[in-house]
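2 protein chains.
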Amino acid sequence: MSDLSSSSPAAEPLTVMGAGLVGSLLSLYLAQRGHPVRLFERRPDPRRTGQLEGRSINLALSDRGWRALEGVGVADAIRQVGIPMYGRTMHDVHGQLTYQPYGQAGQAIYSVNRGHLNRTLLDLAEAHSQVQVSFGQQCLHLDLKGQQLQLLDTASGREHTESYTRLFGTDGAFSAVRGAMQKTDRYDYSQHYLEYGYKELTIEAGPGGSWLLEQNSLHIWPRGQFMMIALPNLDGSFNCTLFFPFEGPVSFAALQTPAQVQEFFNREFADALPLMPHLTKEFFEHPTGSLVTIRCFPWKYDDDVLLLGDASHAIVPFYGQGMNAGFEDCTVLNQLLDQHGDTDWPTIFSEFQAQRKPNADAMADLAVYNFVEMRDRVADPRFLLQKKIEAKISSLYPGRWKPLYAQVTFSHTPYAEAWAAGQRQDAIMARLMPHIQTEADFDTPEVQERVRQEMEQVAGA
Amino acid sequence: MSDLSSSSPAAEPLTVMGAGLVGSLLSLYLAQRGHPVRLFERRPDPRRTGQLEGRSINLALSDRGWRALEGVGVADAIRQVGIPMYGRTMHDVHGQLTYQPYGQAGQAIYSVNRGHLNRTLLDLAEAHSQVQVSFGQQCLHLDLKGQQLQLLDTASGREHTESYTRLFGTDGAFSAVRGAMQKTDRYDYSQHYLEYGYKELTIEAGPGGSWLLEQNSLHIWPRGQFMMIALPNLDGSFNCTLFFPFEGPVSFAALQTPAQVQEFFNREFADALPLMPHLTKEFFEHPTGSLVTIRCFPWKYDDDVLLLGDASHAIVPFYGQGMNAGFEDCTVLNQLLDQHGDTDWPTIFSEFQAQRKPNADAMADLAVYNFVEMRDRVADPRFLLQKKIEAKISSLYPGRWKPLYAQVTFSHTPYAEAWAAGQRQDAIMARLMPHIQTEADFDTPEVQERVRQEMEQVAGA
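Sequence lines, in order, name chains E and D.
Take 334 as the starting number for the first sequence in this note's numbering and just add one per residue.
Take 334 as the starting number for the second sequence in this note's numbering and just add one per residue.
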């Protein structure tokens, strides 16, 4: 046991393993409640090295993330360097554009630079007198029964052992903390990969740092079995991501030469290609990322260890909710601390996992669902018509029909509730759409009557 | 690379990690084809220590297992020490018995002692001039790229490194070989535990080694949310297994004292209790086992490593197919070697996993399905009536309706096909049974006509 642990509960230090986005935000929350926090991170300080291994450059911050950032008073500062995206702009193979708003007027998701956000949170954490951050601390072994972390100081090569009374595992999808828990009896765990990989590419800025595509949009090139997306950066460039099968006739495996890549982009993304002068260099130099969904349970070990963020629920990126879900973990934990007090960790850990696990599972499903929507369905005029009809129904029945995207993105409705409502709505639309060929059809008495009947079955929200 | 690997393909040694049931049988198959085999086992030689950690004492051998044993000429010897079980005997709370045959006259599954079977296979493997068996060899590390196994000789404490060109991982549900593969990119893996544990108990032999229950039956005490089963041993005793929730009002957690156990067995298994004189001692001394389903993919690494048996598809024990499925892996691998020759390992490994993975997934589902059937449905008179009606349909349409249990147990139909047919049959019975209240109803013109119509939809087998 640590010699610090014998002091009063309020002064008992909490240990956080992993100083990524969730770990640094969590440390701030805990410190602001008066807890001393020791924050360990495997990698060197990213503010010195600038390296962020294998992670996307842009993130889409939405309401759940903002609320969590507001809780530590940093939302306004981040908003200054975020770019609002009010909707999706779809690019077809001929360069024709279609636009679909994400929500109501003024509602947006924000393109934010991951590195900037992480550095800002680390600066805040380190500036807090209660937080002690140590970088380059690799977890070699976690003794769950003995409550000890065996860490390697990567700079000096020295190993050291740290005792803990409460350990928070925020060390990401390949969490060492979870790794130790996985070896305990009756631990449910799954890692499932999509057959798609991703490649990060760049659309260059125009003259004087201008944006060569609409900057307040998330751009999608939906192509059925694959897609490219682009998110705006402050410097006028866009960060593009190609989501593409690993194997098959149209796949990473099939694009082996610069000429093949050039030809493929010319055929599929002809309007973007002239804006990507470094395409082939980037294509072959950047790694091909893989896309994993990780589920596990329990998220706690006894009353000593709790997993948060990607460590317990890594998801694919297609709903832009990975970070937002991890940040919401911090909000929920903070609420539970408000509710049960800062010493009743057994109750807090139990309630946390009971409350969050179904929502994390729903979000994992939603993320895969949105991949199909983005790469395939948004290119279908019938789907876009359906979305317009849904918006009309939502206006007519504002309390009873909240669009799924808005519930996930612009609300704090638990993900599991949003997902259940979304599935009910999909079933309703499957019954209505055969009777609707144009937007105007919505106003016919027949369709109005069908909508009225359907909505009678839907409970008020 | 091993210095042996540069010799001719036929003399190239094959490495098998894990000398359990599947590993020792596989080694025999490979050796009989002329391959030198090095077989490593983590545990000490079970023929010397007698220890078999955490595994059930009895196994139910059925047709798939027998076929695999016949392939190495050992089936007849094993059958001499197996006890045929021709059906299930259900015991209700009042001690009333119901009987349900497993198949047609003469068809049986065989209660076989795991230790005896493993020792027999090890004796045969060791007697084969091409097989070299090493016990007490713990896999510390597997270097997949370098094709090297780092082993610890547990007797001497010395570490040694073994190169391989082909490695077969038959090291069970917690496979070290699979453990290394899990860390490679895009490796799909899941471990899922039932909320039930199991406890092994004993019904003692009667005077002179007689059986105190019908010896040619598998006995079930189905109790809805839990059950006990018993399989006969040669010495007149029965090996009982209680499958029971870990937590809850009726659970392992709720039975904390000998008096509570005695009272519980007296209430639920009153006819068995007098036959279990060591019940409370066994209950508290024997470990409580957990029940895991493990799925993963791929089963191969490049063309060098292949997983078989529980290492790639551990399942829960309720269909008695875990060992049979692992033995069938050996049969299928042997067939692929016949088909493609003994050197085309890339094709053989690819075809093996493509062919076996869907069948292993189906068997995992079937095993959970049969748990519900055994602990709950077999106690329902309507279910038993349904099984009788199904037998009648099967007699009327022998090519088109093969009972699911028989397809799994008494045939070599791929598990996935059997499972699909079983689901179709369940759907048909759900439509028919509302029209059938007694066995005699089957012969009414109305029911006969319904059956005829249903069977028109079923393709001939």
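Wrong hints could be hidden among the right ones.
As the list makes no split between identical chains, a pair holds if one copy fits it or if it spans any two.
Unchecked claim - Below 30 Å or equal to it, Euclidean Cα-Cα: the simulated BS3-like pairs (lysine-lysine) are:
id : residue 1 : residue 2
1  : K516      : K633
2  : K516      : K532
3  : K532      : K735
4  : K478      : K516
5  : K516      : K690
6  : K516      : K725
7  : K735      : K614
8  : K532      : K725
9  : K478      : K721
10 : K735      : K633
11 : K633      : K725
12 : K720      : K516
13 : K735      : K690
14 : K478      : K614
15 : K633      : K532
16 : K633      : K721
17 : K478      : K690
18 : K721      : K532
19 : K532      : K478
20 : K735      : K721
21 : K725      : K614
22 : K614      : K532
Derived by calculation from the structure, the hints in this document are not laboratory data.
Each hint tested on the structure:
{"no.": "1", "hint": "K516 - K633", "verdict": "both (13 Å within a copy, 23 Å between copies)"}
{"no.": "2", "hint": "K516 - K532", "verdict": "between (33 Å within a copy, 21 Å between copies)"}
{"no.": "3", "hint": "K532 - K735", "verdict": "neither (34 Å within a copy, 50 Å between copies)"}
{"no.": "4", "hint": "K478 - K516", "verdict": "both (12 Å within a copy, 25 Å between copies)"}
{"no.": "5", "hint": "K516 - K690", "verdict": "both (20 Å within a copy, 25 Å between copies)"}
{"no.": "6", "hint": "K516 - K725", "verdict": "neither (51 Å within a copy, 49 Å between copies)"}
{"no.": "7", "hint": "K735 - K614", "verdict": "neither (44 Å within a copy, 60 Å between copies)"}
{"no.": "8", "hint": "K532 - K725", "verdict": "neither (37 Å within a copy, 59 Å between copies)"}
{"no.": "9", "hint": "K478 - K721", "verdict": "neither (56 Å within a copy, 53 Å between copies)"}
{"no.": "10", "hint": "K735 - K633", "verdict": "neither (34 Å within a copy, 47 Å between copies)"}
{"no.": "11", "hint": "K633 - K725", "verdict": "neither (44 Å within a copy, 52 Å between copies)"}
{"no.": "12", "hint": "K720 - K516", "verdict": "neither (46 Å within a copy, 42 Å between copies)"}
{"no.": "13", "hint": "K735 - K690", "verdict": "within (23 Å within a copy, 42 Å between copies)"}
{"no.": "14", "hint": "K478 - K614", "verdict": "between (50 Å within a copy, 28 Å between copies)"}
{"no.": "15", "hint": "K633 - K532", "verdict": "between (34 Å within a copy, 26 Å between copies)"}
{"no.": "16", "hint": "K633 - K721", "verdict": "neither (43 Å within a copy, 48 Å between copies)"}
{"no.": "17", "hint": "K478 - K690", "verdict": "within (24 Å within a copy, 37 Å between copies)"}
{"no.": "18", "hint": "K721 - K532", "verdict": "neither (32 Å within a copy, 59 Å between copies)"}
{"no.": "19", "hint": "K532 - K478", "verdict": "between (41 Å within a copy, 25 Å between copies)"}
{"no.": "20", "hint": "K735 - K721", "verdict": "within (13 Å within a copy, 51 Å between copies)"}
{"no.": "21", "hint": "K725 - K614", "verdict": "neither (46 Å within a copy, 70 Å between copies)"}
{"no.": "22", "hint": "K614 - K532", "verdict": "within (12 Å within a copy, 61 Å between copies)"}
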